[in-house]
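Since chain F is already given, all that's left is putting chain C on it; use the hints.
So the sequences go chain by chain: F and C. Mind the numbering: the first sequence is residues 0 to 530 in numbering that gives the first Met the number 0, read in order. Mind the numbering: the second sequence is residues 0 to 30 in numbering that gives the first Met the number 0, read in order.
It is worth saying that the hints were derived from the structure and are not from the lab. Honestly, I wouldn't trust all of these hints.
Stated by the list, open to error - In silico SDA-like pairs for lysine to any residue, Cα to Cα no more than 20 Å straight-line:
1. C/K2 / F/S234
2. C/K2 / F/M175
3. C/K24 / F/P190
4. C/K2 / F/E524
5. C/K24 / F/D464
6. C/K24 / F/S234
7. C/K2 / F/Y209
8. C/K2 / F/L185
9. C/K2 / F/P526
10. C/K24 / F/M246
11. C/K2 / F/P108
12. C/K24 / F/V245
13. C/K24 / F/N237
14. C/K24 / F/A213
15. C/K2 / F/T193
16. C/K2 / F/P244
17. C/K2 / F/A113
18. C/K2 / F/I212
19. C/K2 / F/M115
20. C/K24 / F/F231
21. C/K24 / F/T233
22. C/K24 / F/F112
23. C/K2 / F/Q154
24. C/K24 / F/H249
25. C/K24 / F/P244
26. C/K2 / F/R114
27. C/K24 / F/T227
28. C/K24 / F/G241
29. C/K2 / F/A189
30. C/K24 / F/F300
31. C/K2 / F/G495
32. C/K2 / F/R188
33. C/K2 / F/D109
34. C/K24 / F/G191
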Amino acid sequence: MSAVLDQHGHAIHDTHGHHRTGIMRWLTTTNHKDIGTLYLWFSFTMFFIGGLLALGIRAELFMPGMQVWNPEFFNQLTTMHGIIMVFGAIMPAFVGFANWQIPMMIGAPDMAFARMNNWSFWLLPAAALLLIISFFVPGGATAAGWTLYAPLSTQMGPGQDLAIFALHIMGASSIMGSINIIVTVLNMRAPGMTLMKMPLFVWTWLITAYLLIAVMPVLAGAITMVLTDRHFGTSFFNAAGGGDPVMFQHIFWFFGHPEVYIMILPAFGIISQVIPAFARKPLFGYSSMVYATASIAILSFIVWAHHMFTVGMPAAGVLFFMYATILIAVPTGVKVFNWVATMWKGSMTFETPMLFAIGFLFVFSIGGFTGLILAIAPIDIQFQDTYYVVAHFHYVLVAGSLFAMFAGTYFWIPKWTGVMYNEKLGKWHFWLSMIFFNITFFPMHFLGMAGMPRRIPDYAPQFADYNMIASIGAFGFGLTQLLFLYIVLQCVRRKGEKAPDRPWEGADTLEWTHLPSPAPYHSFEEPPVVR
Amino acid sequence: MSKNARTALILASIVAAFFFGVILKYWLLGS
Numbered sequence: 000m001s002a003v004l005d006q007h008g009h010a011i012h013d014t015h016g017h018h019r020t021g022i023m024r025w026l027t028t029t030n031h032k033d034i035g036t037l038y039l040w041f042s043f044t045m046f047f048i049g050g051l052l053a054l055g056i057r058a059e060l061f062m063p064g065m066q067v068w069n070p071e072f073f074n075q076l077t078t079m080h081g082i083i084m085v086f087g088a089i090m091p092a093f094v095g096f097a098n099w100q101i102p103m104m105i106g107a108p109d110m111a112f113a114r115m116n117n118w119s120f121w122l123l124p125a126a127a128l129l130l131i132i133s134f135f136v137p138g139g140a141t142a143a144g145w146t147l148y149a150p151l152s153t154q155m156g157p158g159q160d161l162a163i164f165a166l167h168i169m170g171a172s173s174i175m176g177s178i179n180i181i182v183t184v185l186n187m188r189a190p191g192m193t194l195m196k197m198p199l200f201v202w203t204w205l206i207t208a209y210l211l212i213a214v215m216p217v218l219a220g221a222i223t224m225v226l227t228d229r230h231f232g233t234s235f236f237n238a239a240g241g242g243d244p245v246m247f248q249h250i251f252w253f254f255g256h257p258e259v260y261i262m263i264l265p266a267f268g269i270i271s272q273v274i275p276a277f278a279r280k281p282l283f284g285y286s287s288m289v290y291a292t293a294s295i296a297i298l299s300f301i302v303w304a305h306h307m308f309t310v311g312m313p314a315a316g317v318l319f320f321m322y323a324t325i326l327i328a329v330p331t332g333v334k335v336f337n338w339v340a341t342m343w344k345g346s347m348t349f350e351t352p353m354l355f356a357i358g359f360l361f362v363f364s365i366g367g368f369t370g371l372i373l374a375i376a377p378i379d380i381q382f383q384d385t386y387y388v389v390a391h392f393h394y395v396l397v398a399g400s401l402f403a404m405f406a407g408t409y410f411w412i413p414k415w416t417g418v419m420y421n422e423k424l425g426k427w428h429f430w431l432s433m434i435f436f437n438i439t440f441f442p443m444h445f446l447g448m449a450g451m452p453r454r455i456p457d458y459a460p461q462f463a464d465y466n467m468i469a470s471i472g473a474f475g476f477g478l479t480q481l482l483f484l485y486i487v488l489q490c491v492r493r494k495g496e497k498a499p500d501r502p503w504e505g506a507d508t509l510e511w512t513h514l515p516s517p518a519p520y521h522s523f524e525e526p527p528v529v530r
Numbered sequence: 000m001s002k003n004a005r006t007a008l009i010l011a012s013i014v015a016a017f018f019f020g021v022i023l024k025y026w027l028l029g030s
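Pulled out of the complex, with its shape left as it was, chain C reads as follows:
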C-alpha cells in the first residue's frame, strides 16, 4: 500500500469513528 493511501485510510478511519461514534453514543447511552 502506498504512503498516500495509508495516510488517507488513517484519516478516513477518524472520520468513520466520529460519525458512527456520535450516533452510537446517543443510541446506546441516551442523552
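Just chain F, same shape as in the assembly:
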C-alpha cells in the first residue's frame, strides 16, 4: 500500500499497488514508472557501450601512427559509437524521463497506451543486440558513418543490413513512444491543466514527439531504399543505375537535422524545470519559451542542407540554408535569455542539479555559437569534415543533452527512489565531468581549425599534442561516469538520507506538490484539480 496526497494534502490510500515481482515484473509491466526505469537503465548501459567505443577511438588517436586497431575496425568504431549514442543512448534516455515524469506532471494515472508502452521499450534491447552482433559478422559492423551515406552503405557487408534492421526497430519504438506521449498529453491532462499551464518539460516533449512523428518515417524510408538498392536491384542511390547518391544525403538530413532538436529540446525542458526550482522564481517568459521551442522545431525542417554545403548547390540554395540556419539563433537566444532572467535576482542555491544546469548554459552556448560559425557557408566549406565539427556537436550533445540528463537525474531521483543522493559526490561528479569534458573537446576546435579531418585513424605529427590532451580527457570523463553510477546505485539501494516529499522548495509541479517521495507505484488514479 502506498499513500497519495490529494489536492488538499490529505493521504488517500492506493489499494491497487499489487504487481508482479522478479523478472516477470519488468517483462510484463505496463506501469509508466517501471517502463521509465527500464528506459533509463537501458540507455545508461548503451552510454557505457558507446563510451567504450569512444575510448577505443581515443586510444588509437592518443599518438600518431597505427597503434591499437586496423583502419577498417576504426571506421566501425566511429560509426557504431555515433549510432549507439544517438539511437540507443540519448533518445531512449529522454523517453525514460518522459515516461517517469509526464504522467506525474500532468496529473494522469499512466500513459495512454500502457501495453504499447511496454512493447516500445522491449523492442530496444532486440535492436541493441543486432547492433552488437553486427561486429561479429563477416566484414564486421557497418563503417559507413552514423549517417549511412550512399554509396558506402549500399556496398558494405551484412553488418550494414543488421544496422538497417536495428534502426527500423528503434524507429518503430520511437514512433510508438511518440504517439503515446502525444495522446497522453493531449487527452489525459488533469482538470484545469490547460496547455499553457503545462510544465515546460511536458511542452518540450510534446513538440519533440511531433518532430519524431514527422521525421522517423523519413529515415525509415531512406534506409528501406538503401536496403532495396542492396538486395532487390533498385537504383535509388546508385548512379550507375540512374540513381543519385547525393539524394540520400538530402533525405537523410531532412531527418537528421530535426533529429538534433529531438535530442536537445527535452534537455531544454529539463533545464527549464531545474533553474526556476533553484532560483526560487517562476520561469521568466513562460509563453515565449513555448513559442521559441515551437519555432526551433518548425525551423529545423528547412535547414537540412547546411550539412552538405560542399556537395555543390546553387548559390541561392546556399544562401537560403545559411540564413535559415542562422535564424534558429533567435528562438535559441530567447531561451538562454529567459533562463538567465529567471536566475536574475533569484534566491539561488547551487545543489548538483543547478550546477549541471548552469554548466549546461555555459557549455551548450559554446556549442550554439560554433553552430552559428558553421552555419556560415564560406566558413563551413573550410571546416567540413574536420574536428571543428566534432567539437561543435559534442558541445551540443554531451554538454547539452547529457549534462541536462545529469541535472534531471539529480533533480528527480529523490522523487523516484525516496532517497537523497550524496550531495558531496554529486558536486565531485559535476566538476570532474565539466573539467574532463572541456579537456576532451575544447582542443578539437584547434585541431579542426588546423585542418585535421574527422574519421581518420592516423594523422600528421603536428596534430599530436592536442590529440594526446583530448585522449587523456576522454579517459578521465569516462572514469568520472563510474562515480555517477555509484551515486545512482546508492539511491536505488535506499542508502542515504530519506527524501522529503518536496526537497526543492522552489519546485512547484504536481509531482512535488501532490505526491510523496518515493512516488507511489500508481499515482493520480483520482486526478488532481489544477487551479
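Showing chain C alone in chain F's frame:
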C-alpha cells in the same frame, strides 16, 4: 472508437504517409 484511439490513428496515418510518401516519390518520379 475512443478519443485516444482516434488521436493515435491520425498520428499513425501521418507516419504512414511520410514513410510511403518518401519512397513512392523517388520510385515514381525519380530523383
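* **Hinted pair C/K24 and F/V245, Cα distance within 20 Å** => OK: C/K24 and F/V245 at ~16 Å, within 20 Å.
* Asked: Taking only the CA atoms, is the gap from C/K2 to F/Q154 under or equal to 20 Å?
  -> Given pair C/K2, F/Q154 is violated - Cα atoms ~46 Å apart, limit 20 Å.
* **Pairwise hint evaluation, F/F300 against C/K24, where the allowed Cα distance is 20 Å at most** => 18 Å, holds
* Keeping to a limit of 20 Å between CA atoms, is the pair of C/K24 and F/P190 held or broken? -> Judged against 20 Å, a Cα distance of about 44 Å means the pair is violated.
* Does the alpha-carbon distance linking C/K24 and F/G241 stay inside the 20 Å limit? -> Holds, at about 15 Å.
* Satisfaction of hint between F/M175 and C/K2, Cα-Cα up to 20 Å -> 17 Å, holds
* Between C/K2 and F/P108, does the CA-CA distance stay at or below 20 Å? -> Measuring from Cα to Cα gives roughly 17 Å; hence the hint holds.
* Has the given pair, C/K2 with F/A189, been kept, meaning a C-alpha gap of at most 20 Å? -> Cα-Cα ~16 Å, so holds.
* To do: With a cut-off of 20 Å on the C-alpha distance, tell me whether C/K2 and F/S234 pass.
  => This hinted pair is violated, its Cα atoms lying about 43 Å apart.
* Starting from C/K24, check that the Cα of F/G191 is at most 20 Å away, please. => 44 Å, violated
* Asked: Is the hinted pair C/K24 and F/F231 satisfied, with a Cα-Cα distance of at most 20 Å?
  -> 18 Å, holds
* Holds or violated: C/K24 with F/T227, Cα cutoff 20 Å? -> Answer holds: C/K24 to F/T227 is near 15 Å, not above 20 Å.
Checked against the numbered hints listed earlier, the structure breaks hints 1, 3, 5, 16, 22, 23, 31, 34; every other hint is satisfied.
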